[in-house]
Amino acid sequence: MRRMWRRFLAYRAGVLAAAYVLVLVLVAAATPFLPGPDPLQISNDVMQAPSLAHLLGTDELGRDVLSGIVHGVAVSLTVGFAAALAATVIGVVIGATAGYWGGLFDLLVMRIAEVFQVVPSFILAAVIVALSGPGLTRVVSVIALLAWPQVARLMRGEVMRIKGLEFVDAVRCLGVREPVILATEVIPNALAPVLAAGTLIVAQAILLEAALSFLGLSSADLVSWGRMLNSGQRFLYNAWWLSVFPGTAIFLTVLAFNLLGDAIGAALNPRTET
Amino acid sequence: MSRTKPPILQIEDVRLTFRTRDTVVRALNGASLVIQEGEAVGLVGESGSGKSTLARAVLGLNPERSSKIEAGRILIAGRDVTRLSQAEWEHERGHPVAMVFQDPLSFLNPIMRIGRQIAESIERHAPERPVGERVGELLELVRLPASLSRAYPHELSGGMRQRALLAVALACEPRLLIADEPTTALDVTTQAEILALLRDLREKLGMAMLLITHDLGIVASACERLYVIYAGRVVEWGRTKEVFAEPAHPYTVGLFHAARADRDAQGRFATIGGEPPDLGESAQGCPFAPRCPKALPECVRSMPDASVLGEGASHAVRCWLYPQAQDATAAADRAGGG
Amino acid sequence: MAAPLLALEGITHSFRRSGGVLVTAVRDVSLEVGQGETVALVGESGSGKSTLGRIALGLLHPDAGRVLIGGKSLGDMSSRELRRERVAFQPIFQDATASLNPRRTVRDLLGQALRQRGAGAIGPASVELLESVGLRPGLSYLERYPHELSGGQRQRLAIARALAMEPRLIVADEPLSGADVSIRGQVLNLLADIKKERGLSYLMITHDISIARAFADRVAVMSQGQIVEEGQASVVLTRPEKDYTKRLLAAVPQLVQ
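Top line first, the protein sequences correspond to chains A, L and B.
In the numbering used here, each residue carries its 1-based index in the first sequence increased by 1.
In the numbering used here, each residue carries its 1-based index in the second sequence increased by 73.
In the numbering used here, each residue carries its 1-based index in the third sequence increased by 405.
These are calculated hints, taken from the structure and not from any lab test.
There could be a bad hint or two in this list.
If you want the footprint, here are the derived chain L segments under chain B, 3+ residues with CB under 8 Å [said to hold, decoys possible]:
id	region
1	263–271
2	278–292
3	327–333
4	344–351
Note that the structure is predicted; figures quoted are calculated from it, not measured.
Backbone N, C-alpha and C define an ideal beta-carbon position, used for all residues, glycine too.
So here's chain A without its partners, still in its complex pose:
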């Protein structure tokens, strides 16, 4: 455990990313209690450049950009975490089952996973959301649906490796039932790389949500970075702050989750040298 921490801490970028993510989580949790204007509040101060009154400026309807970005944190994180959690749970269950018992189910699942991985996920997501209508839950479900195959493939590989190890055979000789062996012996030892992949999925989900919102495929009353970018890009030449700040928020957050995923992967890999 201590060595795991040391390996994690050796990743300076990972530590920074973790700190950044922690701040985001706190901001998201505190959003309802934060002072400042409602991000949807229309005012007469339209298209104001960043100033002391509006640190990051205002948009064409006089809405405060800073407030929008702060409120957008909660949306991005909710989508990111919910989608990653759903994808990970689905992927773990399916991947582990397929890897442990193999056979027809394995064959079927892996073919389906391949299909999902071959089809460009963004286009598929856009089509599904466009057809079924916007909404946060829908966006989360679509992203989860697109991301589980990554987890499943990883899990399947790990489970196939671990089920052949001697300690699993030893437990089998104790007369423990196979589903119990899978749940208590195999899966806990296979989770490490999956956890790292899950973190990367958070980043993908945030990016995908932003992209969908950017295309206008999210509900209008939702404050989201992608949506802000969408309305801001029209004024790119006369109101740069409408694009740059939401864009930076997306960039930094996606980068942070990627770095965090890498650091977790390295920390959980006992073969990593410090």
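Given chain A, work out where chains L and B should sit, using these hints.
Here is chains L and B on its own, set in the frame of chain A:
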């Protein structure tokens, strides 16, 4: 005995430590060893005894960053190589000392044909010969069919891989071959073939050999002299015949019993009690003292100098159970020189 | 005569190698282990001895042939019956590190086995087991993880777990090749003591002739998936009749010059 040539390898009281951020491992605590030209010498020890570290030190193969030779000297054919840097080793390696390892796969390039790997070794060390011809010679020397020149390492069996690695090593025309557990991963019948091959090669090429092993049986069949190493210290050395006839150090005695699966009067299997020591602590006395059935009070305090045993002055032991020689250093030199 | 503890009858088993080539690892092998008997299965790597051991443990299902526990065929049992019966046979593997789940403490590892057997008073029973394999005081080991033990201690722990099931047969696959020479005697003595106290049987799979000779009552020499010679260990391993056994013995480096 005339001494016109210096020994091919002379290791004098080497102390070597490994350091990581918060641990120090004293892998070698005063190891001495001498190999004359053409001689076959065994280095016997268990895992963690420092036997491989010693061998690697001879070729500068221990990691430069984390390991350090604190004291002592290593001389190859009279030349001091103790302080050579990694860059200097690059030019040194292969001649006049070459090494083969327990796991040939990790030392053979998986995506290069065997013949090409041997050829590269020739080009690096003896470029004046026509390479193609020499590759054929070397394959024949290690008794591999010439057709295997076009094979990749993974296509070979364990025994064949070891032969291939041997051919790569012999391309350097070494005067000393260090073989680190060359047969441990192999079956007994394949092991017997490799040992026979090593014996023939030595005869044919007049090459000296340092055979590192945990198996006393292998030493008996392949070495003229042997050194026993325990916890980074050489505790006994001598002609194989003498040591086998009368092992002196209690550790050596224990090893023989254990290796033969001997039983005592009660039908118990012979065993050495306790476990190998933790090399982190700096050892004052004999490292074997805590496990030794015959330990004396002084054993814990200090390690004795060598005591010479028998007539020929070739068999010596570092143990308080034996009378100390008058001139211990001279005795050790004589014994070590064999 | 009572049925032998373990009987393997006409076992054949093949693997498909990665290239798709079918390799017959075990070919029509029959072997019996009686109550309280120690049988050594000797052979080189690839002889099929480990495959046979895994079949005896019920970890592999043979393509042909029957595995009988006390006269009852494993193949005829329901999966529940199989789970109940198979615990009479426990494994000890070569690599104790690999045979212990790295995420479980000693307490967990032994508790899992004891609970599986339906034993009460898990704590005291675990301590007793630890002390019976020479890990004393047992209490001091309970909270440790396998990687915090030495190699010899790990092998003892693996033995303790096997004993928790009160087995009648222990299938030991190269139990000593991972251990240093100086530790081997300790493990052999422990196995001998266990046999004396509990009257169980061993099927010892090994490539080491000296161990087979010193430890086994009977020996079966395997080569290329078949048993080539079988008989009393002291006879077969000193005056072998078959050529293969002779060659095998001749290849072992001798400790006398």
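Okay, the hints, checked on the actual structure:
no.	hint	result
1	263–271	holds (count 3)
2	278–292	holds (count 5)
3	327–333	holds (count 7)
4	344–351	holds (count 5)
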